[in-house]
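S.K.: Letter by letter, the chains look like this.
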Amino acid sequence: MSKQADSSICAYAYCSHEQTGYEKHFFITPASLLQHVQKLDELGYFLEDITCMQVKEGFLLTYHFNRWEKPGRLALRVLVVEEDKTIDSISSIYPGALWHERECYDFFGIVFKNHPSLIPLLLPPEMEERPLLKSSEKLRDLYELLPGCEQVLHAPRDEEFGQFIKECSQKGK
Amino acid sequence: MFDLELGLDLSGDFYTRHFQPTPSEDTLILNMGPQHPSTHGVLRVILEIDGEYILRAEPVLGYIHRMQEKMGEVKRYEQYLPNMGRVDYLHALAWNWAYVGAVERLMGLEVPKRAEYIRVITCELNRINSHLLWWGAYLLDLGAFTPIMYAFQDREIVMDILQRVSGSRLTYCYYRFGGVSQDIDDIFIEKTKEFCAYLKPRLKMYKDLVTDNIILRKRVEDIGIIEEETLRKYGATGPVLRGSGIKYDVRRKEPYSVYSELDFEIPTASSKDALGRYLVRMQEIEESLKIIEQALEKIPPGPHISPQAPRRPKPPRGEVYFAVEGARGEIGVNLVSDGSAYPYRVKLRSPSFSNLSMFPEIAKGTLLADAVSILGSLDLVIPEIDR
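As they're listed, the protein sequences go chains A and B.
Per the numbering used here: the first sequence = residues 22 to 194.
Per the numbering used here: the second sequence = residues 196 to 582.
Isolated chain A, as found in the complex (with noise of 0.2 Å):
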């Protein structure tokens, strides 16, 4: 399953899955997020959850995959940015990430555009809180978190996710 199995950590592409239970992961730009994830599913993944993290550049939201013949777990990784905080939902093409976002919105205010009914989930409907936004000086950078993505951030690895689901396709599923 490893590919690399020298490498810590690795910033996008060709996890290593004993260190990190990732199979591969990728930075992506928020506008391709709903295209990739269309691809996503007609290879036939899964959604397994919505996830967000609030680091100085802003909030990343992992997306995990994962397949049932072939297993291997894949995380799209998007950065939405602290003035914008809002993103295209997926739920037009995943129903089950209705509730993952409506967890999202409830513990970090992310907007999801296009969300048929965005009211809390889990949370009381007057709560305006934002239970897990950090305080300043407990904020870390994305790359302190997870060494080695500082191009990542600069330049998302689109191409490089359209290579992947070129290969996927060419050796069907």
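Treat the hints as calculated values from the structure; they're not laboratory data.
All values reported here derive from a predicted model rather than from experimental measurement.
Heads up, some of the hints might be wrong.
As the list claims (entries may be wrong) - Only pairs whose alpha carbons sit at most 30 Å apart, straight line, appear in this in silico BS3-like list of lysine-lysine: (1) 448(B) to 91(A); (2) 106(A) to 270(B); (3) 308(B) to 442(B); (4) 270(B) to 155(A); (5) 60(A) to 442(B); (6) 308(B) to 386(B); (7) 155(A) to 265(B).
Dock chain B against chain A, hints included.
M.R.: Using the frame of chain A, we list chain B on its own:
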């Protein structure tokens, strides 16, 4: 809606108003729960019904939400460990395992072989216990009172066995980073073997008594059919997935610990209905017994915890995902560390959450009485959904 005679506001709370903004002439809005006995805990489902048929359903969550993920960030790694027994109280050891597994993976900590086998034995015992409770409670929902008494009789034995090593009977906190808190002894092994020998004829009896019973069959056959596409789009896992004929089990597909050394089957059922999920769970009890017996044979001598195991772990920076197969499906812990003694972010992926999110889709067009059967067949543990 406003009742002038009584002077009451009948428009309902936030969620009801959101579910049905304008009153309807022909249909009825019904709240099932949060105190309904068949929701096992505090789950609320808002239903729009036409006669006895469900037109729309919307679960409302959060009644026992405890913000486990926030607690993860404000407690040290070892302080957070007892929380794991409270996420899913029925299969507490699987959550224990998911969390310690994530920390071990992050730190690159080796777990001794003996500890891995102890984990397999205890986790499978716990799985049997979870399935037995589900079996009893599900049948209770469907109107059969006796099975839950049998189930609790069996559960008592398992709880005694696990109490011997872990010190608790339900919300276990037995696993440690790098091993388990204490070694198993001869009495544990002997009692576990006795239990395996005891449960097999009992399972046969349950089959004759309940599984082949026509009254049960009428309540589960062709009820709550879930198609493959729905399962995939909602990320369902566990017996709910295998009940629709998909052979996906984390123990086999993403092997962790020593499961790859053990010989067991992944039971599946092709009927896709509540009966399929029922049969899968009953067979899983048998498979778990098989695993326990093998593990008891194979268990090597050695330490029960790694000598390098830290009391207060400080994992290096990085991110890991660790998945285990719980009684309800794939449990995942996604951990991000900034190198300090406190996790930076803990994400708990709970299988019941994804499984329940399918409910609006499955319940559409079914009878109200069948909705109870469908909810039960999903095997929900509400604290795990609400976290």
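S.K.: Each of the hints needs a verdict: does it hold here or not?
M.R.: Status of each hint after checking the structure:
1. For a cut-off of 30 Å, the pair hint linking residue 448(B) to residue 91(A) stands: about 8 Å separates their Cα positions.
2. Among the hinted pairs, residue 106(A) with residue 270(B) is consistent with the structure: their alpha-carbon atoms are about 28 Å apart, no more than 30 Å.
3. Taking the CA atoms of residue 308(B) and residue 442(B), the gap is about 28 Å. The hint holds against a cut of 30 Å.
4. For the hint pairing residue 270(B) with residue 155(A), the CA-to-CA distance comes to about 15 Å; that is within 30 Å, so the pair holds.
5. The hinted pair formed by residue 60(A) and residue 442(B) meets the criterion: a straight-line CA distance of about 23 Å does not exceed 30 Å.
6. With a C-alpha separation of about 22 Å, the suggested pairing of residue 308(B) with residue 386(B) holds against the 30 Å cut-off.
7. Restraint check: the Cα-Cα separation between residue 155(A) and residue 265(B) comes to about 10 Å, which is no more than 30 Å; the hinted pair holds.
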